[in-house]
Amino acid sequence: MAAEGAAERDQMVLLKQGAEAKIYSGTFMGRPAIIKERFSKAYRHPDLDKSLTVQRTKAEVRSIMRCRMIGICTPAVYFVDMERHRIYMEHVAASITVREYIADLERSCSANHVSALRPLAEKIGATVGLMHSHNVIHGDLTTSNMLLSRLPKDGPDAGGDTLDGYRLVLIDFGLGYKEGLAEDKGVDLYVLERAFLSTHPNTEALFSVILEHYKLGYGKGAADVINKLEEIRMRGRKRTMVG
Amino acid sequence: MAIETFQNEIFPDSAISVALFESVANCNDLKKLAMTGELDATLLNPSMIVDTFQILVACNKALHLDRCKKRVTRTLHSEVIYNLSPSKNISDAFRKFGMGDKDTSVLLVQIHSLRKGTLSEVAEHVQGEMVDLSRLQEVSDVNKIKKIYKVQEAELRVSTLLDAIVSRMTSKEFVSF
Numbered sequence: 001m002a003a004e005g006a007a008e009r010d011q012m013v014l015l016k017q018g019a020e021a022k023i024y025s026g027t028f029m030g031r032p033a034i035i036k037e038r039f040s041k042a043y044r045h046p047d048l049d050k051s052l053t054v055q056r057t058k059a060e061v062r063s064i065m066r067c068r069m070i071g072i073c074t075p076a077v078y079f080v081d082m083e084r085h086r087i088y089m090e091h092v093a094a095s096i097t098v099r100e101y102i103a104d105l106e107r108s109c110s111a112n113h114v115s116a117l118r119p120l121a122e123k124i125g126a127t128v129g130l131m132h133s134h135n136v137i138h139g140d141l142t143t144s145n146m147l148l149s150r151l152p153k154d155g156p157d158a159g160g161d162t163l164d165g166y167r168l169v170l171i172d173f174g175l176g177y178k179e180g181l182a183e184d185k186g187v188d189l190y191v192l193e194r195a196f197l198s199t200h201p202n203t204e205a206l207f208s209v210i211l212e213h214y215k216l217g218y219g220k221g222a223a224d225v226i227n228k229l230e231e232i233r234m235r236g237r238k239r240t241m242v243g
Numbered sequence: 001m002a003i004e005t006f007q008n009e010i011f012p013d014s015a016i017s018v019a020l021f022e023s024v025a026n027c028n029d030l031k032k033l034a035m036t037g038e039l040d041a042t043l044l045n046p047s048m049i050v051d052t053f054q055i056l057v058a059c060n061k062a063l064h065l066d067r068c069k070k071r072v073t074r075t076l077h078s079e080v081i082y083n084l085s086p087s088k089n090i091s092d093a094f095r096k097f098g099m100g101d102k103d104t105s106v107l108l109v110q111i112h113s114l115r116k117g118t119l120s121e122v123a124e125h126v127q128g129e130m131v132d133l134s135r136l137q138e139v140s141d142v143n144k145i146k147k148i149y150k151v152q153e154a155e156l157r158v159s160t161l162l163d164a165i166v167s168r169m170t171s172k173e174f175v176s177f
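In order, the protein sequence lines correspond to chains R and C. The UniProt record's numbering applies: residue 1 is where the first sequence begins, and numbers increase by one. The UniProt record's numbering applies: residue 1 is where the second sequence begins, and numbers increase by one.
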């Protein structure tokens, strides 16, 4: 089939490989694009493998769309190829991960990097709060799955939603789903807390800023989630299923 | 003022040609020709298009669905109209995104093999003035587009209208807006 010949010729460069997908950079109709391709697992029954891959690809696009429609910046989706389990999406321009951004700040101004990071922590808290208030669970909130994209200097500055010329972009909704329970939101926050504190030691003060602004972004009902978070801290991410 | 042709990385054996016409006198006849299959092109309503990229996304999806035999409409070219729409209602898509009988402008789109575009032949049927594609920005009805695609202000704070639209087009099968 012609389409398969095309696959060999389209210019895709492997950027990363995860447990269930490969990330390539390439172009889509002339635009820089990121291509996420879920591969099949030989250890699964072929029928199950196919249906899981299709379901997860759909779920990922759904979560991206839910976030984008409530005003959380996510990459635009250009094309979904269900035959090859690929999502073609916008390559977020001029961006670094939050993880790199924090590491850079720690190096350049180690003395007061915590106060320099405050605006970022506020933005992260507000964004996750907004997302949870619409019952979207990200599933893998780490500082590597958050990008800071530098906005063009004289571009259309979107009303006050910037962070010192940067915009916070959430990526990788591969484990995302919709759920209203405080338990799932609490686990989402717990994953963020663990990721934050383990990659950036001595930032406990920053995480409490995140939580403060989470409450503001979430609005009514945030207290339930924070209470759950405390319960989850005591027992870990997995719930005890005894009795 | 010419036909513009675009290439597609995913289907390198094909290309997409686009031309915009204004002051068109015979939309009614053109539509009849298209419906009988005599015009090998898609006739679009230019006021629903914000950027050529929006057309290219629809064409790419049409080519993809055509090649894996999952087309929803009768022809490759009608699939382009369907793919532009955020809804799964085919007649609704034609009403909103297809050229109307009484329109005076039309956007011609042809998906063809790499070497053999015949949009100039199709264009001969149009009694109107071919204008530059950059005119699209002036012709598009932004308020109507926002309404039809249901794009709210919250999203436009973090995204361009174009990105909001193409994301809806690509995901309409499994997301409800």
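Because the hints were derived from the structure by calculation, they are not lab data. Beta carbons: idealized from backbone N, C-alpha and C, even for Gly. Careful: at least some of the hints might be erroneous.
[Claimed, not checked] DSS-like cross-link-like pairs, simulated, lysine-lysine; straight-line CA separation at most 27 Å: (1) R/Lys41 / C/Lys70; (2) R/Lys58 / C/Lys146; (3) R/Lys50 / C/Lys88; (4) C/Lys96 / C/Lys144; (5) R/Lys178 / C/Lys96; (6) R/Lys58 / R/Lys41; (7) C/Lys32 / R/Lys58; (8) R/Lys50 / C/Lys70.
[As the list claims (entries may be wrong)] These stretches of chain C come out as covered by chain R in the derived footprint (C-beta under 8 Å, 3 or more residues): (9) 27 to 38; (10) 49 to 58; (11) 61 to 74; (12) 148 to 157.
To see whether the hints hold, each was checked on the structure:
| no. | hint | in the structure |
| --- | --- | --- |
| 1 | R/Lys41 / C/Lys70 | holds (25 Å) |
| 2 | R/Lys58 / C/Lys146 | holds (24 Å) |
| 3 | R/Lys50 / C/Lys88 | holds (25 Å) |
| 4 | C/Lys96 / C/Lys144 | holds (10 Å) |
| 5 | R/Lys178 / C/Lys96 | violated (32 Å) |
| 6 | R/Lys58 / R/Lys41 | holds (18 Å) |
| 7 | C/Lys32 / R/Lys58 | violated (38 Å) |
| 8 | R/Lys50 / C/Lys70 | holds (17 Å) |
| 9 | 27 to 38 | violated (count 0) |
| 10 | 49 to 58 | holds (count 3) |
| 11 | 61 to 74 | holds (count 4) |
| 12 | 148 to 157 | holds (count 5) |
Violation of the numbered hints given earlier is confined to hints 5, 7, 9; the remaining hints are satisfied by the structure.
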